[in-house]
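J.: Residues per chain are reported as follows:
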Amino acid sequence: MRGLLLTNYYLVYRTFFVFMGVAILGSGLVFYFGDTSMYGLIAMFTIFFAAIPALEVIKYESKSGYDKYVLTLPVTRSNIVQSHYFFYFLVVIIGTLLSYGIFYVHGLVSDTPIDDGIFKSISSGTFIILNAGAIAYPLLYIFGAEKSDAITIGGAFGGLFAYFGLQSVIGYLIKQFPLPHLSQSLYVSISYTIFGVIIYILSFFISVFIYKNKEF
Amino acid sequence: MSNLLEIKNVRKSFDDKVVLKNITFNVPPGSIVGFIGNNGAGKSTTFKTVLGLISKDAGTVKIFGEENINKHVKIKEKVGVVFDAMNLPVHLTVKQLNKVFEKMFDSWDQDNFYRLVNSFSLPMNKKIDKFSRGMSMKLSIAVALSHNAKLLILDEATGGLDPSSREEVLDELKSFVSKSNGGILLSSHIMSDVERIATHLVIIKDGEILLSEETDKVLESYAIVDVDGGKLTLINKDIIVAKRNHGSYFSVLVSDVHKLPNGITPRAISIEEISVLLTRSEK
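Which chain is which? The protein sequence lines are A and B, in order. Per UniProt numbering, numbering of the first sequence is gapless, rising by one per residue and ending at 216. Per UniProt numbering, numbering of the second sequence is gapless, rising by one per residue and ending at 283.
It is worth saying that the hints were derived from the structure and are not from the lab. Cβ coordinates follow ideal geometry from the N, Cα and C atoms, glycine included. Among the hints, erroneous ones may be present.
[What the hints assert, rightly or not] Here are the simulated lysine to aspartate or glutamate pairs, EDC-like style, with alpha carbons at most 20 Å apart:
#1 A:214 to B:67
#2 B:99 to B:77
#3 B:21 to B:168
#4 A:63 to B:84
#5 A:212 to B:57
#6 A:68 to B:129
#7 A:214 to B:15
#8 B:174 to B:195
#9 A:63 to B:129
#10 B:71 to A:215
#11 A:68 to B:77
#12 B:127 to A:56
#13 B:74 to B:6
#14 A:214 to B:57
#15 A:68 to B:84
#16 B:78 to B:57
#17 B:78 to B:111
#18 B:8 to B:213
#19 A:212 to B:206
#20 A:68 to B:213
#21 B:17 to B:208
#22 A:214 to A:146
#23 B:150 to B:6
#24 B:179 to B:109
#25 B:179 to B:168
#26 B:48 to A:215
#27 B:237 to B:256
#28 B:17 to A:215
#29 B:130 to B:84
[To be verified] Residues from chain A that face chain B, not an exhaustive set, calculated with beta carbons under 8 Å:
#30 2
#31 7
#32 64
#33 65
#34 69
#35 74
#36 175
#37 211
#38 215
Make a model of the complete structure from these sequences and hints.
T.: What follows is the structure, encoded as structure tokens:
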């Protein structure tokens with residue numbers, strides 16, 4: 001598993017750091033020129049930029065034929081799927097932390113504290129991008145890396161739809177199980193994060209099933 | 001010691017097309033099995049079936065006595081694989097690849113890997129996608145020989161190599177077999193390579209094994225005779241392995257030169273001739 005993760009890292013680390021640089025630069029521009037209503041986009045795009053290189057791993061593996069060769073190495077098919085999911089999860093976490101970092105630095109510079117609204121924006125971004133991965137990976141295993149660009153974009157839109165689709169469910173849950181000590185905004189954020197992780201885990205099991213039956 | 005690889009009655013179809021028809025052969029310890037056949041004969045499908053990359057419809061494949069390599073991951077530690085094209089992650093350098101395989105294989109032999117990399121004159125810090133096909137194949141072979149494997153499965157591993165590199169690689173393969181008493185299943189279109197190192201021959205055509213024999217036995221007992229239709233009838237049918245009609249005469253491959261009738265003189269044979277005759281013969 002460590003060998004697989006290291007391969008994933010070596011395959012995309014340059015792109016990852018470039019994308020992170022672009023995300024930081026873009027955030028700076030939005031803070032400088034943009035309206036406060038656009039701040040929510042910063043979180044989503046930072047996490048999205050962190051995640052794109054992780055989805056590229058499958059494309060690179062397929063292009064070089066490594067997706068076939070890796071099956072001859074002492075790893076199981078589950079290990080291979082695990083490495084993809086774990087790597088994607090890691091970069092989403094890094095993207096999330098970077099988002100917080102960006103807002104924290106912005107707060108220091110502009111004297112505005114991180115409020116629940118920012119927390120909600122970031123957790124929404126995490127949910128959407130985690131769901132983008134949850135949708136993209138099973139499709140990549142079924143249709144192959146040749147369609148990876150369309151699948152990545154489709155996954156991002158899928159994540160967005162899942163976000164809006166779950167709004168009423170989460171609203172219902174908050175009404176049914178109120179937590180008076182928690183602000184509603186924070187409650188929503190935590191709920192989205194939990195749902196995001198659950199959907200991601202479900203997607204992992206679906207992908208393992210698909211990948212175990214895949215012929216190369 | 002039992003066979004390193006045992007393939008018995010393996011069948012595989014893609015939709016309605018049968019691509020492997022009851023394939024049976026073994027790779028014993030200390031052997032190099034030359035696996036010969038035309039493009040599309042079923043060699044790569046056999047490799048994929050052996051390695052569990054595709055499922056089989058029937059039959060058994062045992063590696064070190066165990067079936068289903070996907071369930072016995074540790075077995076893969078002892079199997080080195082080279083496919084017909086470069087299959088390593090191309091964005092990595094040789095140094096990075098070494099670090100990856102160090103974590104992947106319990107018995108990764110870094111010293112041997114770097115010895116082979118140096119011996120094959122491969123650059124350490126260049127990305128693999130900048131390598132020529134020959135360099136890539138040499139790197140794949142270096143990887144396969146660097147984790148103390150007992151069985152090598154090499155699909156066209158010497159393709160794309162210049163004659164000098166091929167000789168170097170073949171020497172390494174021979175040394176692997178003699179030192180470790182391991183075995184190699186080697187497919188190749190380069191007959192001189194097969195003639196040089198193969199101890200056993202397996203010839204496949206249209207998914208069917210036409211010949212599975214020790215190389216020495218083939219070279220000692222088998223023969224090709226060129227005869228007209230009349231003389232053809234004199235040859236015992238039991239020893240006719242294959243025949244090819246050239247119009248005015250037939251080329252006939254026989255399995256026992258000593259059973260040829262008087263007056264029919266065999267000519268000197270090579271593995272290439274046997275292979276061509278078998279793969280282009282009539283039913």
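J.: Compare the structure with each hint and give your call.
T.: Each hint tested on the structure:
{"no.": "1", "hint": "A:214 to B:67", "in the structure": "holds, 19 Å"}
{"no.": "2", "hint": "B:99 to B:77", "in the structure": "holds, 16 Å"}
{"no.": "3", "hint": "B:21 to B:168", "in the structure": "violated, 35 Å"}
{"no.": "4", "hint": "A:63 to B:84", "in the structure": "holds, 15 Å"}
{"no.": "5", "hint": "A:212 to B:57", "in the structure": "holds, 17 Å"}
{"no.": "6", "hint": "A:68 to B:129", "in the structure": "holds, 17 Å"}
{"no.": "7", "hint": "A:214 to B:15", "in the structure": "holds, 16 Å"}
{"no.": "8", "hint": "B:174 to B:195", "in the structure": "holds, 13 Å"}
{"no.": "9", "hint": "A:63 to B:129", "in the structure": "holds, 11 Å"}
{"no.": "10", "hint": "B:71 to A:215", "in the structure": "holds, 16 Å"}
{"no.": "11", "hint": "A:68 to B:77", "in the structure": "holds, 16 Å"}
{"no.": "12", "hint": "B:127 to A:56", "in the structure": "holds, 18 Å"}
{"no.": "13", "hint": "B:74 to B:6", "in the structure": "holds, 18 Å"}
{"no.": "14", "hint": "A:214 to B:57", "in the structure": "holds, 15 Å"}
{"no.": "15", "hint": "A:68 to B:84", "in the structure": "holds, 12 Å"}
{"no.": "16", "hint": "B:78 to B:57", "in the structure": "violated, 26 Å"}
{"no.": "17", "hint": "B:78 to B:111", "in the structure": "holds, 18 Å"}
{"no.": "18", "hint": "B:8 to B:213", "in the structure": "holds, 15 Å"}
{"no.": "19", "hint": "A:212 to B:206", "in the structure": "violated, 29 Å"}
{"no.": "20", "hint": "A:68 to B:213", "in the structure": "violated, 31 Å"}
{"no.": "21", "hint": "B:17 to B:208", "in the structure": "holds, 13 Å"}
{"no.": "22", "hint": "A:214 to A:146", "in the structure": "holds, 16 Å"}
{"no.": "23", "hint": "B:150 to B:6", "in the structure": "holds, 14 Å"}
{"no.": "24", "hint": "B:179 to B:109", "in the structure": "holds, 15 Å"}
{"no.": "25", "hint": "B:179 to B:168", "in the structure": "holds, 16 Å"}
{"no.": "26", "hint": "B:48 to A:215", "in the structure": "holds, 9 Å"}
{"no.": "27", "hint": "B:237 to B:256", "in the structure": "holds, 11 Å"}
{"no.": "28", "hint": "B:17 to A:215", "in the structure": "holds, 16 Å"}
{"no.": "29", "hint": "B:130 to B:84", "in the structure": "holds, 18 Å"}
{"no.": "30", "hint": "2", "in the structure": "holds, 5 Å"}
{"no.": "31", "hint": "7", "in the structure": "holds, 5 Å"}
{"no.": "32", "hint": "64", "in the structure": "holds, 4 Å"}
{"no.": "33", "hint": "65", "in the structure": "holds, 4 Å"}
{"no.": "34", "hint": "69", "in the structure": "holds, 4 Å"}
{"no.": "35", "hint": "74", "in the structure": "holds, 4 Å"}
{"no.": "36", "hint": "175", "in the structure": "violated, 49 Å"}
{"no.": "37", "hint": "211", "in the structure": "violated, 11 Å"}
{"no.": "38", "hint": "215", "in the structure": "holds, 4 Å"}
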